[in-house]
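Student: Listed below, chain by chain, are the residues.
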Amino acid sequence: MYLSIGNIPKSVRRQVSSHATVLIGYIPVSKLECFSAGEPRRYASYRLYHHCMTQILKPLVEAGTSGVSMVCADGGVRMVFPILAAYVADHPEQCLVTNVQENHCPKGKIRPENRGDLQGCVPRSVNETLELLDSHRRGETEEELPDGLRPVYSPFWQRLPHCDIFSCITPDFLHQLHKGVFKDHLVSWITDLVGSEELDRRFKAMAHIPGLRHFKKGISSVQQWTGTEYKQMQKVFLTLVAGAVDVRVLTVIQAVIDFIYHAQLQVHTSVTLEALQHALTIFHRHKVVLVELGVRNHFNIAKVHSMTHYADSIREKGCADGFNTELSERLHIDFAKQGYRAGNRRDYIAHMTKWLVRQEAVKLRIAYLSWASPSASDTEADDVRSESGSESQHSATEDPPVAQGKKEDLRFAPAPSIHLYSIAKKCPTPRTKLDSIERLHGALQFLPAFIAFTKETFPRSAQIPTHLTRYNTYKKLNIRQPWNPVLGKDTVVHRVRASPPSSARGRLQEVAGRFDPVIVIEDVKQYRSSPPGSLRGTYPH
Amino acid sequence: MQSKYKFLQKIDSLPVMEGMKWECEEVKVQGDMVGENGEALVEKLELWKRDPVECIRELIGNPAFRDVMGYAPERVYADKETSTRVYDEMWTGDWWWNLQVRLSSAQFHHITLQINDRKSFHKAQP
Numbered sequence: 001m002y003l004s005i006g007n008i009p010k011s012v013r014r015q016v017s018s019h020a021t022v023l024i025g026y027i028p029v030s031k032l033e034c035f036s037a038g039e040p041r042r043y044a045s046y047r048l049y050h051h052c053m054t055q056i057l058k059p060l061v062e063a064g065t066s067g068v069s070m071v072c073a074d075g076g077v078r079m080v081f082p083i084l085a086a087y088v089a090d091h092p093e094q095c096l097v098t099n100v101q102e103n104h105c106p107k108g109k110i111r112p113e114n115r116g117d118l119q120g121c122v123p124r125s126v127n128e129t130l131e132l133l134d135s136h137r138r139g140e141t142e143e144e145l146p147d148g149l150r151p152v153y154s155p156f157w158q159r160l161p162h163c164d165i166f167s168c169i170t171p172d173f174l175h176q177l178h179k180g181v182f183k184d185h186l187v188s189w190i191t192d193l194v195g196s197e198e199l200d201r202r203f204k205a206m207a208h209i210p211g212l213r214h215f216k217k218g219i220s221s222v223q224q225w226t227g228t229e230y231k232q233m234q235k236v237f238l239t240l241v242a243g244a245v246d247v248r249v250l251t252v253i254q255a256v257i258d259f260i261y262h263a264q265l266q267v268h269t270s271v272t273l274e275a276l277q278h279a280l281t282i283f284h285r286h287k288v289v290l291v292e293l294g295v296r297n298h299f300n301i302a303k304v305h306s307m308t309h310y311a312d313s314i315r316e317k318g319c320a321d322g323f324n325t326e327l328s329e330r331l332h333i334d335f336a337k338q339g340y341r342a343g344n345r346r347d348y349i350a351h352m353t354k355w356l357v358r359q360e361a362v363k364l365r366i367a368y369l370s371w372a373s374p375s376a377s378d379t380e381a382d383d384v385r386s387e388s389g390s391e392s393q394h395s396a397t398e399d400p401p402v403a404q405g406k407k408e409d410l411r412f413a414p415a416p417s418i419h420l421y422s423i424a425k426k427c428p429t430p431r432t433k434l435d436s437i438e439r440l441h442g443a444l445q446f447l448p449a450f451i452a453f454t455k456e457t458f459p460r461s462a463q464i465p466t467h468l469t470r471y472n473t474y475k476k477l478n479i480r481q482p483w484n485p486v487l488g489k490d491t492v493v494h495r496v497r498a499s500p501p502s503s504a505r506g507r508l509q510e511v512a513g514r515f516d517p518v519i520v521i522e523d524v525k526q527y528r529s530s531p532p533g534s535l536r537g538t539y540p541h
Numbered sequence: 001m002q003s004k005y006k007f008l009q010k011i012d013s014l015p016v017m018e019g020m021k022w023e024c025e026e027v028k029v030q031g032d033m034v035g036e037n038g039e040a041l042v043e044k045l046e047l048w049k050r051d052p053v054e055c056i057r058e059l060i061g062n063p064a065f066r067d068v069m070g071y072a073p074e075r076v077y078a079d080k081e082t083s084t085r086v087y088d089e090m091w092t093g094d095w096w097w098n099l100q101v102r103l104s105s106a107q108f109h110h111i112t113l114q115i116n117d118r119k120s121f122h123k124a125q126p
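Protein chains in written order, with the working numbering: chain S, 1 to 541; chain B, 1 to 126.
If we strip away everything but chain B, and leave its shape as in the complex, we get:
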């Protein structure tokens, strides 16, 4: 590698997961305060985001998770008499089972999402 520039060029030429591209959307916020010209004050903000469906596609298709991925809800019991129910993963919970049954016909495979937020990023200096 001759230079950092060439190195980065090489990296940028590597194949990427198409669906997980970033896009920037403009968000215009119009306030209730009026500016000097008599018009409402407007602020333009940037919303950077990716397609969640494509992100899910990458996650559910990742071969590293091949042996551990769950695809359908289960009711798990600790004993043969099914007197003690066991709960651990999300697919062992009642919500997924009930939803799948409600919307069901045999072909369905739900996946479920969860979202974590780190809202205070901009408040704390990185």
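So that you can see chain S by itself, here it is in the shape it has in the complex:
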């Protein structure tokens, strides 16, 4: 069980190295053979979990009610009231926490057979739930609890002050959207429609474009699916199946991918939230085409239903990237696995906690030393870890280190000043002849175009290029897109390749030329005023 605080920004919280999320306990797991198999054993395991959570979180009851004075990071002393705000977990655990059967919605009371609808999921209420559990315990109501509740009578959240456990259940876009709605459902529906060989064929036939992954052997041969693979597939999926399916199916695919992209935004506005909800509406309006085509006869799927709660959750608790279920997996590697391997495998929890205490003591010492004498070498605390490498399977975006110095409110900061384009520092092919450019690069109009460009840009220059002029040519151009805070801290770079073919020489094989197409917006006004998708105002046109 790991814990963090919402006061720490989400980009810091999700970095393992910032130590913003700490281990607070281990829930014991047992086969519970002292219970008869079936329901008694199952219910016992739920009650065991809730009992342990109650014990772990007990100090929060008093602290959340009366407050605790704490010295804060800025040196100020504040009266702090810790309130449970979010419980980050996948669906089965969300159901364990909220005491709900897995075919129901942990956040609301919708009936399982209606989960395919857009509306109708009334949020659960803590008071009402506790009352229902109480009367069931006293035998005052029927055999089965309503709303899919489980008979666990002392859920750990019943005494936590101001805790609405149902609103603590946050979006989990890795499992729900990437793996669930996209891969396990949408892609498999399309595979049913199109056939897996045809789909693979289309993936293999994709052009090689920098920034887009080329699935050489199609998707059925991908062994390990991580966040990166899902995202790479989403980038191309819609255009890939165009022509192979009914155009109404394309609407469904587009709506799902739109939803997934919006759900991951790291900054939302009321406008983007409307767009998110709109994508969901479009999906629900058009999903009936899959029924007509015989692929599905219902949409009562937990992960599909979970999408209906995203917009509200983001408004209540902030963007979904603050609640990353991948984080526990990465922390698990650090805390649990390494700690386990450092011991002799017996009495392992005791060993792990001792290992953890020692790790923390050393890190504390290092932090103290670097504070006391900043010139001393700042050995990264990661050196203390044991040899087992961390197999991080996290998504492609790497976060930059914690901001030091002035508080960075990135929302309002001007875009970091960056050069708009970059090329290689050392020219790979200097003094190229005109003949090479015409022959190998295929630029037959290069000289007249360059002469015209020179006359226009440097009208007073005495030098006019001739057929003897030589040029420094480069193979790649990187163009940086203007920084968009909504997409996080990364800048998007477009890579344009222009490398001529080279014939076989000795052991080197023949290499085909790679020339990426570029569309330049010549007339910005005309382009912007045209309908989207139009090429007016661009070159070549």
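Hints are computed from structural coordinates only; laboratory data are not their basis.
Honestly, I wouldn't trust all of these hints.
Selected chain B positions facing chain S (Cβ under 7 Å, derived; list incomplete) [stated by the list, open to error]:
no., residue
1, Ile-11
2, Leu-14
3, Gly-31
4, Leu-41
5, Leu-47
6, Ile-56
7, Arg-57
8, Ile-60
9, Gly-61
10, Asn-62
11, Pro-63
12, Met-69
13, Gly-70
14, Met-90
15, Gly-93
Positions of the beta carbon are idealized from the N, C-alpha and C atoms, including for glycine.
Model the placement of chain B on the given structure of chain S, informed by the hints.
Tutor: Chain B in isolation, oriented as in the chain S frame:
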């Protein structure tokens, strides 16, 4: 360092964060099945835990987070006319604002918790 033992001794003598000590609590589970002696079967389990309030104290007081920590809820807008609301961190969300207002008087500073679980640890072999 002469030996691993001495090395570990030295590490164990380093100051630690007092509040973040581990404790082990016994959990007794009594089943519905009866044993050979006619008594209900009982299983004893270990619950290892730390004080969450002390962990929070360490987190909120960590000087590494000095320049980025938020302490109070905010309503953020994208424009002067406050027509477009912005949501990103938890303190920009409605829940924190509404809770603080509901319980308010000016002195309050809520912090909020979130919990991540790695439930299946014992099922997968480390």
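Student: Against this structure, judge whether each hint is valid.
Tutor: Here's how the hints hold up against the structure:
The beta carbon of Ile-11 of chain B is positioned within 7 Å of a beta carbon in chain S (closest approach about 5 Å), and the interface hint is therefore held. A least Cβ separation of about 4 Å between Leu-14 of chain B and chain S falls short of the 7 Å threshold, and the interface hint therefore holds. This hint holds: Gly-31 of chain B has a C-beta 3 Å from the nearest C-beta of chain S, less than the 7 Å allowed. Among the interface hints, the one on Leu-41 of chain B holds; its C-beta lies about 3 Å from the nearest C-beta in chain S, closer than the 7 Å criterion.
Hint on Leu-47 of chain B holds. Least Cβ distance to chain S is approximately 5 Å, under the 7 Å limit. For Ile-56 of chain B, the interface hint holds, since its Cβ comes within 7 Å of a Cβ in chain S; the closest pair sits about 5 Å apart. About 5 Å separates the beta-carbon of Arg-57 of chain B from the nearest beta-carbon of chain S, less than 7 Å, and the hint is met. With a least beta-carbon distance of about 5 Å to chain S, the hint placing Ile-60 of chain B at the interface is held under the 7 Å criterion.
Contact between Gly-61 of chain B and chain S, as hinted, is supported at the beta carbon level, the nearest pair being about 5 Å apart and thus within 7 Å. At its closest, the beta carbon of Asn-62 of chain B sits 6 Å from a beta carbon of chain S; the interface hint therefore holds under the 7 Å criterion. The restraint placing Pro-63 of chain B at the interface with chain S holds, with a minimum CB-CB distance near 6 Å, inside the 7 Å limit. Hint on Met-69 of chain B holds. Least Cβ distance to chain S is approximately 5 Å, under the 7 Å limit.
Below 7 Å, beta-carbon pairs count as interface contacts, and Gly-70 of chain B has one with chain S at about 5 Å; its hint therefore holds. Here the hint on Met-90 of chain B is kept, as its CB sits about 4 Å from the closest CB of chain S, short of 7 Å. Checking Gly-93 of chain B against chain S: minimum C-beta separation of about 5 Å stays under 7 Å; hint holds.
In the structure shown, no violation is registered for any of the earlier numbered hints.
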